[in-house]
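What follows is each chain in one-letter form.
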Amino acid sequence: MIDFPEISWASIAPQTVILITALTVLAIDLLPRKIERINITLTALLGVVIALIFARNLTPAYETDFSGMIYRDGVSIYLDQLLLAGTALILLMSHRYAQFHPIAYGEYTVLLLFASLGMMTISISADLITLFIGVELLSLSLYVMSGMDKSSLSSGEASVKYFLLGAFSTGFLVYGMALLFGACRTSNLVLIGSAILDGGAGTPLLILGFALVLVGLGFKISLVPFHMWAPDVYQGAPTPVTAWIAAGSKIAGFAALLRIFSLPGISFEPFGGYWAQAIWWLSMLTMIIGNAGALVQNDIKRMLAYSSIAHGGYLSMAFTANNTVGLQALLFYLAAYLFMTLGAFAVVIAVRRNGRECLSIPDLAGLARQHPGVAGLMAVFLFSLAGMPFTAGFVGKLWLFGAAIQEKYYLLAAVGILTTLLSFYYYLRIIVFMYMHEPQKDAVFDAVPASGRIAAGLAAAGVLALGVYPNLLWKVLAAHTNGL
Amino acid sequence: MIIASFIGLLYIAGFYLLLRRSLVRAAIGALLLGHAANLLIFVSGGLSAGAPIIREGEDSLISPYPDPLPQALVLTAIVIGLGVSAYLLALIHRTAEIAGGDDMDDLKEEE
Amino acid sequence: MKFRTSCYSLSGASAVLCIFAIWASMNLDAPYYLAFDWLPKVGLRISFRVDSFSLFFVTLICGIGSLVFFFCAGYLPGDKSRSRTLSILLLFTLSMLGLVLSDNVLLLFIFWEFTTITSFFLVGAKCEKKEAREAALQALLVTVAGGMALLVAILLLFMAAGTLELSSLEANRQLIQDSPLYPVILILIAAGAFTKSAQFPFHFWLPGAMTAPSPVSAFLHSATMVKAGIYLLARFHPILGETVLWHDLLIGIGAATMIVGASLALARTDIKALLAYTTVSALGMLTFLLGLGTTLAMKAALVFLLVHACYKAALFMVAGSIEKLAGTRDLDRLHSLGKMSPALWCAAALPALSMCGLPPMLGFIGKELIYEAKLIAPTIDELFLLIGFTANALTVTAALLAAVKPFIPRTMDSPPKRKLTLPLLAPPIILGIVSLACGLFPTWVGDNLLEPSFQALKGEPSQIKLKLWHGVNPVFILSVLTLVTGALIYWIHSYFARMVSVVERWSSPFAPERLYAQLVKRFVQFASLQTRLAQNGSLNFYLTVTLCFASLLLAAAFFSLPEKAVDLSLLIHLKTSLIILGAAAAAVLSIRAQSMLEAVLLLGVVGLGVTLFFVFYGAPDLALTQFLVELLLLVLIASIWSRLPAFRPDTPKREKRRDLFAACILGVFLSYFVLQAVFLNEHNAISEFYAQNAATEAFGRNVVNVILVDFRALDTMGEITVLAIAMMGIMSLLKTRKTKR
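These protein sequence lines are chains A, B and C, in that order.
At position 373 of the first sequence the residue is numbered 380 (the numbering used here), and the sequence of numbers has no breaks.
At position 70 of the second sequence the residue is numbered 82 (the numbering used here), and the sequence of numbers has no breaks.
At position 431 of the third sequence the residue is numbered 1050 (the numbering used here), and the sequence of numbers has no breaks.
Hints were generated in silico from the structure; no laboratory data involved.
Hints should not be assumed to be uniformly reliable.
Said to hold, decoys possible - In silico DSBU-like cross-links for lysine-lysine, where the CA-CA straight-line distance does not exceed 30 Å:
#: 1; chain 1: C; residue 1: Lys1024; chain 2: C; residue 2: Lys1084
#: 2; chain 1: C; residue 1: Lys748; chain 2: C; residue 2: Lys1024
#: 3; chain 1: C; residue 1: Lys943; chain 2: C; residue 2: Lys1038
#: 4; chain 1: C; residue 1: Lys943; chain 2: C; residue 2: Lys958
#: 5; chain 1: C; residue 1: Lys748; chain 2: A; residue 2: Lys448
#: 6; chain 1: C; residue 1: Lys1038; chain 2: C; residue 2: Lys1024
#: 7; chain 1: C; residue 1: Lys1024; chain 2: C; residue 2: Lys958
#: 8; chain 1: A; residue 1: Lys41; chain 2: C; residue 2: Lys1036
#: 9; chain 1: C; residue 1: Lys1024; chain 2: C; residue 2: Lys1036
#: 10; chain 1: C; residue 1: Lys1077; chain 2: C; residue 2: Lys1140
#: 11; chain 1: C; residue 1: Lys958; chain 2: A; residue 2: Lys448
#: 12; chain 1: A; residue 1: Lys157; chain 2: C; residue 2: Lys1354
#: 13; chain 1: C; residue 1: Lys1354; chain 2: C; residue 2: Lys748
#: 14; chain 1: C; residue 1: Lys749; chain 2: A; residue 2: Lys448
To be verified - To give an idea of the interface, some chain C residues facing chain A are shown, with a C-beta separation under 10 Å as derived from the structure:
#: 15; residue: Leu726
#: 16; residue: Thr1030
#: 17; residue: Leu1172
#: 18; residue: Gly1337
#: 19; residue: Gly1348
From the three backbone atoms N, C-alpha and C, an ideal C-beta is built for every residue, glycine too.
Build the full structure now, drawing on both the sequences and the hints.
So, in structure tokens, the structure goes:
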């Protein structure tokens, strides 16, 4: 008899469920009979919900599993839940979007699930190669998805740009990983950590390896100066895909950074200074360029692209601070960011005027008159993005800035706060248009369907719940980060 | 040394081609970069003769043997590279059809 | 009339609350605390403190609020967005109450921001006008900037004192004042207060905000919201006050604001703008008094708060009624209103008297106290006395201009009488009567409202009794002089106004509103420039930038490396060298390939070289895979061969050379690091683990295969999924073609 080694299948249950769901949807899609969109959406949603239930019931284990490939700690459970919640919201949005745009919906849904699978692979990986595979899964799916709107030329353009620049940056990621491998002779992150602690590894190579990994991941979270793809791709890609690039891909990027830079046992003592300094610069640049760029945009998706760049800057402050408060702040802000960004995109998708997408900011003029509810939700998301009290954005920013100030990074916090001030200008511009402008001539907003309302409503509930009662998440975070 | 220079050369050629405006050239550049990366991982595992195959009647590898792990990794990388390259080719193909050429700057949106 | 009913009920509720606050203030012995934990990690607690000082503000807010809601019932009907305005007003009232009741500074900040946002919506209420929208945004940006300063100050306070409760901050006063952060904290908090309370040089947003409907101006921009800054300074006086910096900063800014506001007021012809500038001046006065910080000055500040709230809110409501009556707010065109509506005349006159500081109004007592405080303050210059005097005199003139001039007939013919509705008349009259009553019974007000709140603020009784008549003393003489001077200036006010306008025009390049506009403009310019430059849509450019940054990074790492010597004596077999050289040559040639066929063939050669390399270095699996992949790719290329675009002549030479240069730098660095990596060869535990256990645990002899399908099966699973995705992508791309044709 062969005795099977003990493997805790439960710890990858959410990932498995998503994979199975993706395959099921693929199978349904391949049936000769034409399948209603709603069935595909419901199947996928069901899978996501089951995965979410599995993820909720996981208990963190603070050791590697599957021959050192995965590491199911509290952070990964938390991130998985976030990503699954995001996937559910995106599914709801896509359902509406596909009604008006020629998208092969079955394939699209499968790819969406694969992208989420990639993100969740990143969040549990304890090995550079597993992480790399996660990145590839997610990237490739998103490349394909961003080119899926066959009716639009800019969708194709977005896809090409995203792909080429993405492949380019993945090159850096691979190179960095190879150097890390060369320096530590292992691809396992925990072992890399102990190699660093032993000090036996060649430090300069390590720095370089980490730096190149940072370049590669910097692309994923669009840190300046690796952000150049974002505005064009955000604008061109189908809106739900843009939303998932903005929220999911960014969360995954930060998950990867968390995996690589803060797994237990990995200490940055030997080169903590370099690291904090590099991120300090990137975060500084990102906040300034991102916010300045958003200031002059007229296209909503482009504006949100810059806004998402800017938020990458705020989030990466946590790595400069590199303390427990910072990491908790990062995890909290990721949740806040997910809900507010997805919410804003959900509204952009849900609101259509005279049968067309409202893509420029003036298109929203007078929305509050015709759809006060949706306009109110949008206002909630924008206020949260700007960091108004009682929204998740405020608590998150406060937490992040607090972490930076605690470590005496005053300039960084000051720039963060000043750029937040700038951001009020462009977020409120949309509110001004929605609330204070008359609708343009013979502009009639179409009815907002239930799926759009549900998606935006759920996101708003998240934003407000986290803003009004942050302890809700704080307890979870405290439990999940005690292994850090 | 020679290997290192070779990898370097591959990188140079790859980057240079990637920077061309022609999408096809860029694609070739990307493929070259792929080779470079694979070689790099392989080489960083150390070079040695022999193959990591356990002989009949033995329980483990007999020294000297090449490190099997990087080989496994490179194998993964090659296969993923295949997927990516194939997609790239299809993408170029479609872009050429839509834009009528392979100049990247033709892709700029009209402003 | 549903709208009216809601106005009346809100008004009634506020009135009840106001009376309750007065009652509570009379009967409250010690502060009452109420606290919940919110997010203790960042010092955020929901904690309220009810003491008499807070209750004083509650009284003001609810009292004025009640009348404003009542006024709304007469003013707002006919406005399209009236319900929205009303509900935002309610929201504002709640946040204002929260602001003055919070004990946690962060909570206070939150309510502070809420008042800013509600103010933004209220200023922009008449949104069809462009000026209204711009004014709203301007007001918002200025006050939010201050709010951000306040936030930083709060975070620094937390660092310095470890707590954010006002009550415990007071206990830690010494700790904070000794901290090196103290000046920064003070300046940032002052910046927050100054922007909110429209102090020079941030005063310009307040007159701009006069595009708001009159009830809003009466409520937010005269009586309550702009006082939030004053409230903050007063609250922080026991914590940060009584230092030289505090003294100089507040007195200097306060005096400047006083005089600038009062002078500019006279040059305005719009009643509301004029009133707004006098508000600025009055706020300057309050800041000044807080800067003095003596017992008398603090008491005077409290009295003046009440005085000002009563008369200014009333006058703004009158301005609103005038607009309803005459259809304009332009002072040059308004006259004979007294004949049109004697009741309004009466409603305007009482508050105006209080504003002038005539006995027996409360304004008189306020002014007396202020003069007294200035006269006996030990530390101030005569200059400040003069400034205060001038500002007061100009305020008198402004009062006459706003509340007397429009009512005086200019021609003999009498215009038809018009009746105004009760809600438009009653609130200002009530406020006037309150001013009068407080003036007549100063002891009651002083003992029951002002004295407890002073005690709550300073922790000790003031021993100052409010009295209407002090006898003829220097203070009284100053008061009389003020009145006379004010009246005289009224006589020549047109010359004065012209003078102010000239000075204003001359100094306009330096005016803060211009600087603000310039700043915004410049920033937008910078932003669009950077976006145009960086985001030009060219993929090529994006790649180059990324490449350059990566090179920079590598260069930095290279120069930080300690050991640069590398052992170059790695043995290489002859045959491998040959293979490598061949492949390298192919790679170099591929750069120059002129036709597609050439390029693809060269690529194949490189691939073959790599394959052979794998063969010679003990990686048969790799070689096999690589070979298959190469073949597959060739097949793929061949299959779409005819549809691929033709090779075109390449870009200009200069560009090529630039790219080659960048690529070379990067490549050289990279190969250098490869060398570094190659020379760190030691076998490591994990690989040995595979070597040892492949056969025993996984029953495979090809270790690489075993790793892939057993130990790292999950990775392989992922890898297959990646391939599947690529396939789906390709399918989706090819399908496009079909639909297109």
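Does the structure break any of the earlier hints, and which numbers would those be? 1, 8, 10, 11, 13, 16
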